[in-house]
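Colleague: Residues per chain are reported as follows:
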Amino acid sequence: MIRSRFCKNCGLKVTGEDSVCPSCKAALPPLVPENPAGKAQKIFLFGLLSLILFWFPLAGIVLSVIALCFWTSNNGIVRNIAKAKTGRILAIIGLICSIISNAFTILVMSVGNLSIWAEETWEGIVGWALDIPADFENNFITDDRYQYIFKGLGITFEVTIFAALLGIALGVIVALIRSSYDTLKEELRGGFGKKFLSFLNKLCGLYLTVIRGTPVVVQLMIAYFVIFVSSNNKVLVAVLAFGFNSGAYVAEIIRGGIMSIDKGQFEAGRSLGFGYVRTMAFIIVPQAFKTVLPALANEFIVLIKETSVSGYIGLQELTKGGDIIRSRTYSAFMPLIAVAVIYLVIVIFFSKLVSMLERRLKKSER
Amino acid sequence: MSADNQVIISVKDLKKHYNDGDIKALDGISTDIKKGEVVVIIGPSGSGKSTFLRSLNLLERPTSGTITFEGQDINDPSCDINLLRQNMGMVFQHFNLFPHLTILRNMTIAPMKLHGLPKEVAEKKAKELLARVGLEDRASSYPSQLSGGQKQRIAIVRALAMDPDVMLFDEPTSALDPEMVGEVLDVMKGLAKDGMTMVVVTHEMGFAREVASRVIFMDDGVILAEGTPDEIFNDPDNDRLRTFLAKVL
Ligand SMILES: Nc1ncnc2c1ncn2[C@@H]1O[C@H](COP(=O)(O)OP(=O)(O)OP(=O)(O)O)[C@@H](O)[C@H]1O
Ligand SMILES: [Mg+2]
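Just so you know, the sequences run in chain order H and U.
In terms of the working numbering, the first sequence opens at residue 2 and continues consecutively.
In terms of the working numbering, the second sequence opens at residue 41 and continues consecutively.
To be clear, the hints were calculated from the coordinates, so they are not data collected in a lab.
Positions of the beta carbon are idealized from the N, C-alpha and C atoms, including for glycine.
Accuracy of the hints is not assured; some may be wrong.
Covered stretches of chain U, going by a simulated chain H footprint (3 or more residues, C-beta under 8 Å) [what the hints assert, rightly or not]:
1) 67 to 81
2) 96 to 106
3) 115 to 129
4) 149 to 155
5) 201 to 213
6) 276 to 282
The list that follows gives simulated cross-link-like pairs (lysine-lysine, BS3-like), each with its CA atoms no further than 27 Å apart [to be verified]:
7) H/Lys-26 - U/Lys-167
8) U/Lys-164 - H/Lys-26
9) H/Lys-195 - H/Lys-86
10) H/Lys-14 - U/Lys-64
11) H/Lys-14 - U/Lys-164
12) H/Lys-26 - U/Lys-52
13) U/Lys-153 - H/Lys-264
14) U/Lys-233 - H/Lys-14
15) H/Lys-291 - H/Lys-363
16) U/Lys-153 - U/Lys-164
17) H/Lys-195 - H/Lys-291
18) H/Lys-186 - U/Lys-52
19) H/Lys-264 - U/Lys-64
Work the whole structure out from these sequences, hints included.
Modeller: Structure representation (structure tokens):
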């Protein structure tokens, strides 16, 4: 290919070795070297490092995966095929060694922890069960019963906001993996990087199936009573459980948004010379963002209401607060209606916000 | 490449099969495209014209065969696909302008992000190009505010802003109202006159006759006839070409 660069002073495209622009005489940036990013070098280096560092937790795996993804990726040039291939072999050996080494580490760690873990699990369940009467007694002693509602509302917001953040982070990652797989599976050179992406894609698929196929309450209880049994931080457990749950729905919303962008946009970006990542960043995501924002806001509203099941793990958020009052006063009407009204006000407020947002976005579309 | 070697794209026995060979979109295409040539590809719908054009900048990956661009086998791991595409402009049937960016930004985003051109330089260059297609007053508009013909002219100068060595056109006027076809073809004629190497898929036989240095007739994934516009249009020696021309002329 004829190598060239643009004069940063007058914008002229210059081929050849000149050091000044033929038109405006300004100094030119150097010609892209024959072996620019040294991709073969990178593959070799990461492959070698992965082999050297295979014993270090995760390092070998990460390094070899990087090396192998470099190999699969279409970006950049492999001039020195032999070197790249050597690097690939090193990376594969490094990967195998690190998997064995990591598996061994995990085995040792988990066997060491397993008995403690089981014990804690059992004690946790027993302890929690024994705590219930004490908890109840505490609740009865409290003078100002409406504190439950206010404090509960605070916790509802805390859980919702952090779970939403986690959900968006997770959702974006899962959506990007799944849509990258869809668009890149044709294009990528076969090899580890492609298999890795396909593996990630399957993993994400599994995550979506499991999360969307089971009720959130069950997930919450599993999180609290099975997985984080040794944790007393109910807010954190709720944030994680709702975050993971919401992530699955957010992922599908975002993926839908990305898929809704005309394929021609992607091709136009690529045909100008942008790589996959830059095409996504400059062209697809900004457009998808507009289309998914209302749906994301809606997911947030759903999440607020969903946190009401946190009472199942004894988290004293809004609903549970009302319930505690009910159980204290033996009158259900007042506290439960109060709780319902508060949810309604919050949801109406956010719905209004969303529809305002939608109108603004429509306007900017022209 | 040395000056005496004028071949800029060389295609050898290019095949593209879909569904494990059930659909042979391209079934052995060989041709050389020389610097400054305007190659017009004609043929019935489904004959593989788009697939061929899109293989040239690897929007489609060939099943087999080789494509050499400026001496580089583009399907080889040693080929930087993004660099290849920076040197090959492409114009689509449906324009594919970026709707969230202004016309000026549509044109400057690639030179700025890919070549690090400073904003002022990129914009100055973009405005010169806009003036060339008579749209300098639309710099701050959004694509949705333009007519089809205007959009396509912008799409052409957006590709030109990268100073490509070759321009690929896939039916650039097929989505346009008839009264707008002329303005786009005029821009393309101007480009051809300036010596741009162009590969054009089109149903505009007038354009092919007037501008093409060579016309390629494709059917069922193969080249059935190839020659100067005069040879193709005035003296077609292929039955299927004759039938095709009788239908479109
Ligand atoms: N992704 C695909 N999967 C399966 N078949 C395809 C795919 N893309 C194209 N084809 C087939 O390949 C053949 C050639 O298609 P192509 O789009 O290149 O034709 P064309 O000459 O550009 O037609 P038109 O004039 O309608 O644009 C057609 O039979 C089409 O159905
Ligand atoms: Mg076509």
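Colleague: Taking the hints in turn, state whether each one holds.
Modeller: Verification of the supplied hints:
Look at the stretch 67 to 81 of chain U against chain H: 0 of its residues bring a Cβ nearer than 8 Å to a Cβ of that chain, fewer than three, so the hint is violated. Counting residues of the stretch 96 to 106 of chain U whose CB lies closer than 8 Å to any CB of chain H gives 3, so the stated coverage by that chain holds, three being the minimum. Remark: the stretch 115 to 129 of chain U is confirmed as covered by chain H, as 13 of its residues place a Cβ nearer than 8 Å to a Cβ of that chain, reaching the required three. Judged by the Cβ-Cβ criterion of 8 Å, the stretch 149 to 155 of chain U is covered by chain H as claimed, because 6 of its residues qualify and three suffice.
Using a Cβ-Cβ cut-off of 8 Å, 3 residues of the stretch 201 to 213 of chain U lie near chain H, which meets the minimum of three, so the contact claim holds. Here's how the stretch 276 to 282 of chain U fares: 0 of its residues keep a CB closer than 8 Å to some CB of chain H, so the rule of at least three is not met and the hint is violated. As the CA atoms of H/Lys-26 and U/Lys-167 are separated by approximately 22 Å, the hinted pair is consistent with the 27 Å bound. A C-alpha spacing of about 18 Å is found between U/Lys-164 and H/Lys-26, which places the hinted pair at or below 27 Å, so the restraint holds.
Taken as a hint, the H/Lys-195 and H/Lys-86 pair is honoured in the structure, with Cα atoms around 16 Å apart against an allowance of 27 Å. Taken as a hint, the H/Lys-14 and U/Lys-64 pair is broken in the structure, with Cα atoms around 39 Å apart against an allowance of 27 Å. Distance check on the hinted pair: H/Lys-14 and U/Lys-164 sit about 14 Å apart at the alpha-carbon level, within 27 Å; holds. Our distance criterion of 27 Å between C-alpha atoms is broken by H/Lys-26 and U/Lys-52, whose separation comes to about 41 Å.
This hinted pair checks out: U/Lys-153 and H/Lys-264 have alpha carbons roughly 21 Å apart, not beyond 27 Å. A distance of roughly 20 Å separates the Cα atoms of U/Lys-233 and H/Lys-14; the hinted pair therefore holds under the 27 Å criterion. This hinted pair checks out: H/Lys-291 and H/Lys-363 have alpha carbons roughly 9 Å apart, not beyond 27 Å. Simply put, U/Lys-153 and U/Lys-164 have alpha-carbon atoms about 16 Å apart, close enough for the 27 Å limit, and the pair holds.
The straight-line distance between the Cα atoms of H/Lys-195 and H/Lys-291 is roughly 30 Å, outside the 27 Å bound, and the hint therefore fails. Restraint check for H/Lys-186 and U/Lys-52: the C-alpha separation of about 26 Å stays at or below 27 Å, so the hint holds. Among the hinted pairs, H/Lys-264 with U/Lys-64 is consistent with the structure: their alpha-carbon atoms are about 23 Å apart, no more than 27 Å.
In the structure shown, a violation is registered for the earlier hints numbered 1, 6, 10, 12 and 17, in ascending order.
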